[in-house]
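Each chain, written out:
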Amino acid sequence: MIAVSVKTRERKEMIDVTAELARAVSEAGMKKGLVLAYVPHTTAGVTINENADPAVPRDILTALSKLVPERGDYRHGEGNSDAHIQAGLVGSSASVIVDQGRLALGTWQSVFFCEFDGPRTRKLLIKLMPG
Amino acid sequence: MIAVSVKTRERKEMIDVTAELARAVSEAGMKKGLVLAYVPHTTAGVTINENADPAVPRDILTALSKLVPERGDYRHGEGNSDAHIQAGLVGSSASVIVDQGRLALGTWQSVFFCEFDGPRTRKLLIKLMPG
Amino acid sequence: MIAVSVKTRERKEMIDVTAELARAVSEAGMKKGLVLAYVPHTTAGVTINENADPAVPRDILTALSKLVPERGDYRHGEGNSDAHIQAGLVGSSASVIVDQGRLALGTWQSVFFCEFDGPRTRKLLIKLMPG
Numbered sequence: 150m151i152a153v154s155v156k157t158r159e160r161k162e163m164i165d166v167t168a169e170l171a172r173a174v175s176e177a178g179m180k181k182g183l184v185l186a187y188v189p190h191t192t193a194g195v196t197i198n199e200n201a202d203p204a205v206p207r208d209i210l211t212a213l214s215k216l217v218p219e220r221g222d223y224r225h226g227e228g229n230s231d232a233h234i235q236a237g238l239v240g241s242s243a244s245v246i247v248d249q250g251r252l253a254l255g256t257w258q259s260v261f262f263c264e265f266d267g268p269r270t271r272k273l274l275i276k277l278m279p280g
Numbered sequence: 150m151i152a153v154s155v156k157t158r159e160r161k162e163m164i165d166v167t168a169e170l171a172r173a174v175s176e177a178g179m180k181k182g183l184v185l186a187y188v189p190h191t192t193a194g195v196t197i198n199e200n201a202d203p204a205v206p207r208d209i210l211t212a213l214s215k216l217v218p219e220r221g222d223y224r225h226g227e228g229n230s231d232a233h234i235q236a237g238l239v240g241s242s243a244s245v246i247v248d249q250g251r252l253a254l255g256t257w258q259s260v261f262f263c264e265f266d267g268p269r270t271r272k273l274l275i276k277l278m279p280g
Numbered sequence: 150m151i152a153v154s155v156k157t158r159e160r161k162e163m164i165d166v167t168a169e170l171a172r173a174v175s176e177a178g179m180k181k182g183l184v185l186a187y188v189p190h191t192t193a194g195v196t197i198n199e200n201a202d203p204a205v206p207r208d209i210l211t212a213l214s215k216l217v218p219e220r221g222d223y224r225h226g227e228g229n230s231d232a233h234i235q236a237g238l239v240g241s242s243a244s245v246i247v248d249q250g251r252l253a254l255g256t257w258q259s260v261f262f263c264e265f266d267g268p269r270t271r272k273l274l275i276k277l278m279p280g
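Order-wise, the sequence lines are chains A, B and C. Here this note's numbering is used: the first sequence runs in plain steps of one and ends on residue 280. Here this note's numbering is used: the second sequence runs in plain steps of one and ends on residue 280. Here this note's numbering is used: the third sequence runs in plain steps of one and ends on residue 280.
Hints are supplied without guarantee of correctness; some may be wrong.
A pair counts as met if it fits within one copy or between any two copies, since identical chains are not told apart.
Claimed, not checked - Pairs of lysine-lysine, DSSO-like flavour, derived with a Cα cap of 27 Å:
1) Lys-156 x Lys-215
2) Lys-181 x Lys-215
3) Lys-272 x Lys-180
4) Lys-156 x Lys-272
5) Lys-180 x Lys-215
6) Lys-272 x Lys-181
7) Lys-156 x Lys-180
In case anyone wonders, no lab produced these hints; they're calculated from the structure.
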């Protein structure tokens with residue numbers, strides 16, 4: 150298990166961590182298997198989507214904030230219920246296949262750390278499963 | 150594969166199953182790898198979020214019911230389309246890393262069985278993948 | 150890693166790919182482990198739900214289109230932001246446990262390729278992880 154530090158700068162932000170995953174795979178010399186990107190936080194998540202056009206992560210964050218607004222019928226006292234719920238919609242991990250020593254991502258796919266209650270210094274856990 | 154029985158008491162309910170996962174890992178003596186919590190149902194799911202404040206799962210369930218109300222433009226005849234859709238948003242499984250013989254969860258993370266069409270007696274499947 | 154071609158015929162469509170996963174497991178003779186169904190696209194996803202009543206996938210797609218309409222406050226220039234966001238909500242992969250040489254799906258569970266910006270010819274990647 151590898152722990153990577155991720156510094157976020159906005160309350161809502163998607164940060165491309167594909168290079169961190171690729172580096173973990175290549176440094177381990179893993180040829181085949183799975184890599185899991187896992188967020189050990191309850192107000193952040195991991196997702197896979199397009200980063201070629203930065204409008205895509207922007208549209209995703211805007212849509213999530215429209216679906217789950219910052220203010221609402223919430224009881225959690227810390228004022229970040231929207232972040233917990235958005236993390237639940239996106240999920241706390243993503244799996245990527247490793248083949249021939251490389252991430253088997255589609256042409257347009259990037260792996261994103263999703264910050265929903267930043268800015269903070271966060272952790273991303275990367276787990277390699279050869280096989 | 151281990152099958153655990155989960156008894157739900159409400160139509161919508163999140164039940165903390167972290168202890169069941171931890172027990173499966175410790176009884177198997179697994180030191181490193183992944184554990185998958187999987188729900189073999191189509192109106193239930195698995196998610197990871199905070200349980201220190203019970204208002205967090207309450208807020209998640211309330212938000213899901215607001216996004217996908219019980220009554221709507223549904224065709225499925227059993228009257229539980231909201232539960233199928235909510236299960237789709239949350240997902241049918243969650244992966245947790247195992248490191249040094251323990252679940253590598255964040256401080257505030259718990260693993261939840263999500264009931265969306267209870268009360269029922271449900272099953273949770275736990276799969277250990279050493280590696 | 151196995152790559153399967155999936156032809157979609159609608160803009161929004163859920164296609165049952167359970168048989169493709171079962172075939173991959175049986176042709177490999179895998180008795181125990183995990184199988185990951187992974188979509189290398191950013192406007193498609195994978196989910197597990199009921200297919201016994203075709204109204205269930207119809208209700209899921211209708212609900213996703215209501216939550217994330219085709220037209221909205223989007224900046225991505227290709228006019229398919231709804232598809233990117235829906236893919237984010239559903240997720241790009243699903244894990245299924247393999248036990249005694251078979252997919253350990255629940256009675257009502259099918260694995261679906263989710264098209265959100267079709268019709269197109271797509272790819273589904275299937276990764277077997279014995280263990």
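- Message: Taking the earlier hints as the rules, which of them does this structure contradict?
- Response: Violated hints: 2, 5 and 7; rest satisfied.
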